[in-house]
Amino acid sequence: MTRLALAVVWIVAGGQKMTDLAASGRAVNAYRLMPYDAAKIVGAVQPFLEIALGLLLLVGLAVRLSAGISAVLLLIFMAGIVSAWARGLQIDCGCFSQGGALAAGQTPEYAREIARDAGFLVLAAMLLCKPRTRFSLDGLLLGGHR
Amino acid sequence: MSKGAKERAAVRRIVADQKAREKRRAVTLWTSTSVIIVLVIAGLIGWAVLSGQETDNAEKLTTPPAAVDGGTAFAAGDGPVEIDIYEDFMCPVCRAFESASGDALQQLVARHKATVRYHPIAILDRASNGTRYSTRSAAAAAAAAEGGRFAEYHRALFANQPTEGSDGLDDAKLIQLGESVGLTGTAFADAITGKTYWAWATTVTGEASARGVTGTPTVMVNGSKLDEPTAAAVEQAVAAAG
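In the order they appear, the protein sequences are chains L and Y.
Numbered according to our numbering, the first sequence terminates at residue 146, and the numbering increases by one at each position without gaps.
Numbered according to our numbering, the second sequence terminates at residue 242, and the numbering increases by one at each position without gaps.
Simulated from the structure, these hints should not be mistaken for laboratory data.
You may find that some hints are simply not true.
[What the hints assert, rightly or not] Mimicking DSSO-like on lysine-lysine, the simulated pairs with C-alpha atoms at most 30 Å apart in a straight line are:
id, chain 1, residue 1, chain 2, residue 2
1, Y, Lys23, Y, Lys6
2, Y, Lys195, L, Lys130
3, Y, Lys173, Y, Lys60
4, Y, Lys23, L, Lys130
5, Y, Lys173, Y, Lys195
6, Y, Lys19, Y, Lys6
[What the hints assert, rightly or not] Some, not all, of what chain Y presents toward chain L, calculated at C-beta under 7 Å:
id, residue
7, Arg24
8, Ala26
9, Val27
10, Leu39
11, Val40
12, Gly43
13, Gly46
14, Trp47
[Unchecked claim] Covered stretches of chain Y (in silico footprint by chain L; criterion: 3 or more residues with CB under 8 Å from a CB of chain L, positions within the stretch not fixed):
id, segment
15, 28-37
16, 73-82
17, 195-209
Note that CB positions come from ideal geometry on N, CA and C, so glycine has one too.
Given the sequences, and given the hints that come with them, work out the whole structure.
Here it is as structure tokens:
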């Protein structure tokens, strides 16, 4: 089930970051795209947003919109990784962790991270095209599924 | 069926379809609005939790009086060139850097070429099964600095570095290491068990991030980051700066 898969991705990604918001902020700051104070806030808001999005997809409320927001977020993340890559930054994407810092000698795996996000983007796109799935609140509220 | 009845049935169908469409539109509007509200609230919760943590940390903050550079580092030597070293006691590469470059750094200090400022930071708390070894060891180093034994304790922590993913050294072991370098008073042990410098460790880690430290070890000579932190690179940069 595409919807559940994407929901799990968000909940896992958010859950791992939520345990240490300061680290999440540092991971965002490592991209060097915004001042540290802004990065701290983004780092704190993002995990909660990801979990909320995951839960919304899980229960299946306004799936088309949730999938659309998922796609937009994924595109932003991918843009961030590409820009870090282009600037030669040595960072871990922090996608499923508190990431951020890479010790000297560790190589970033930007291509793999982008490929993974692209995979998630495909899930989101599939949901965007066919948002009506079984066992969703949408189905319950709108009656049946087409 | 008469022509009139057929038409009436068709009209009813059209009306029913229209009602169903309107209902769907209303439901979609409400669910979409709910989704947006839920996401906004989730974001606000994240912000609130962060502010709460920061306020809490600020209240608990005790900056060790021995610390220099805005209370973030412990200095060795009095030379003109400033070498800033950001390290996490859980980081194996930091240990490797220390064992490869420790002597060279001591030389630079002894010959009054450079001042070395050690910044213990905690970026690897996730690597100690929730015991926050990075924070605990950085805080312990601050306590050692207050006892006048930062350099010795710093060496002891790297010599006894736990493996990443383990629980790290427990507080008893941290206290014992202190005793082994001459921190025998109760002040050191009390600072460890009382978590005196935990908030400080969190604060300096944030400060380091704000300064562009994205990993450990990060070595800066007069403020510019070395690409590869090696003894040779440090000596070269100091020679160029001095």
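Hint by hint, here is what the structure shows:
1. Using a Cα cut-off of 30 Å, the hinted pair Lys23 (chain Y) and Lys6 (chain Y) holds, with the two alpha carbons roughly 26 Å apart.
2. For the hint pairing Lys195 (chain Y) with Lys130 (chain L), the CA-to-CA distance comes to about 54 Å; that exceeds 30 Å, so the pair is violated.
3. Between Lys173 (chain Y) and Lys60 (chain Y), the direct Cα distance comes to roughly 24 Å. Compliance with the 30 Å bound is thereby established for this hinted pair.
4. Pair hint Lys23 (chain Y) plus Lys130 (chain L) holds up; C-alpha atoms about 20 Å apart against a cutoff of 30 Å.
5. With a CA separation close to 15 Å, the supplied pair Lys173 (chain Y) and Lys195 (chain Y) stays within the 30 Å bound.
6. Taken as a hint, the Lys19 (chain Y) and Lys6 (chain Y) pair is honoured in the structure, with Cα atoms around 20 Å apart against an allowance of 30 Å.
7. Evaluation of the Arg24 (chain Y) hint against chain L yields a held restraint, the C-beta minimum of about 5 Å falling below 7 Å.
8. With 7 Å as the threshold, the beta carbon of Ala26 (chain Y) stays out of range of chain L, its nearest partner Cβ sitting at about 10 Å, so the hint is violated.
9. Below 7 Å, beta-carbon pairs count as interface contacts, and Val27 (chain Y) has one with chain L at about 5 Å; its hint therefore holds.
10. The interface hint given for Leu39 (chain Y) is met, as the beta carbon of that residue sits about 5 Å from the closest beta carbon of chain L, less than 7 Å.
11. Residue-level restraint check for Val40 (chain Y) is violated (minimum Cβ-Cβ distance to chain L is 9 Å; threshold 7 Å).
12. For the restraint placing Gly43 (chain Y) at the interface with chain L, the shortest Cβ-Cβ distance is roughly 4 Å, inside the 7 Å limit, so the hint holds.
13. Contact between Gly46 (chain Y) and chain L, as hinted, is supported at the beta carbon level, the nearest pair being about 4 Å apart and thus within 7 Å.
14. The criterion of a C-beta within 7 Å of any C-beta in chain L is met by Trp47 (chain Y), whose closest approach is roughly 6 Å, and the hint holds.
15. Coverage of the segment 28-37 of chain Y by chain L holds in this model, with 6 residues showing a Cβ closer than 8 Å to a Cβ of that chain against a need of three.
16. Only residues whose C-beta sits within less than 8 Å of a C-beta in chain L count toward coverage, and the segment 73-82 of chain Y has 0 of them, not enough to reach three; the restraint is violated.
17. With a cut-off of 8 Å between beta carbons, the segment 195-209 of chain Y has 4 residues touching chain L; three or more are needed, and the interface restraint holds.
Hint compliance for this structure: hints 2, 8, 11, 16 are broken, all remaining hints hold.
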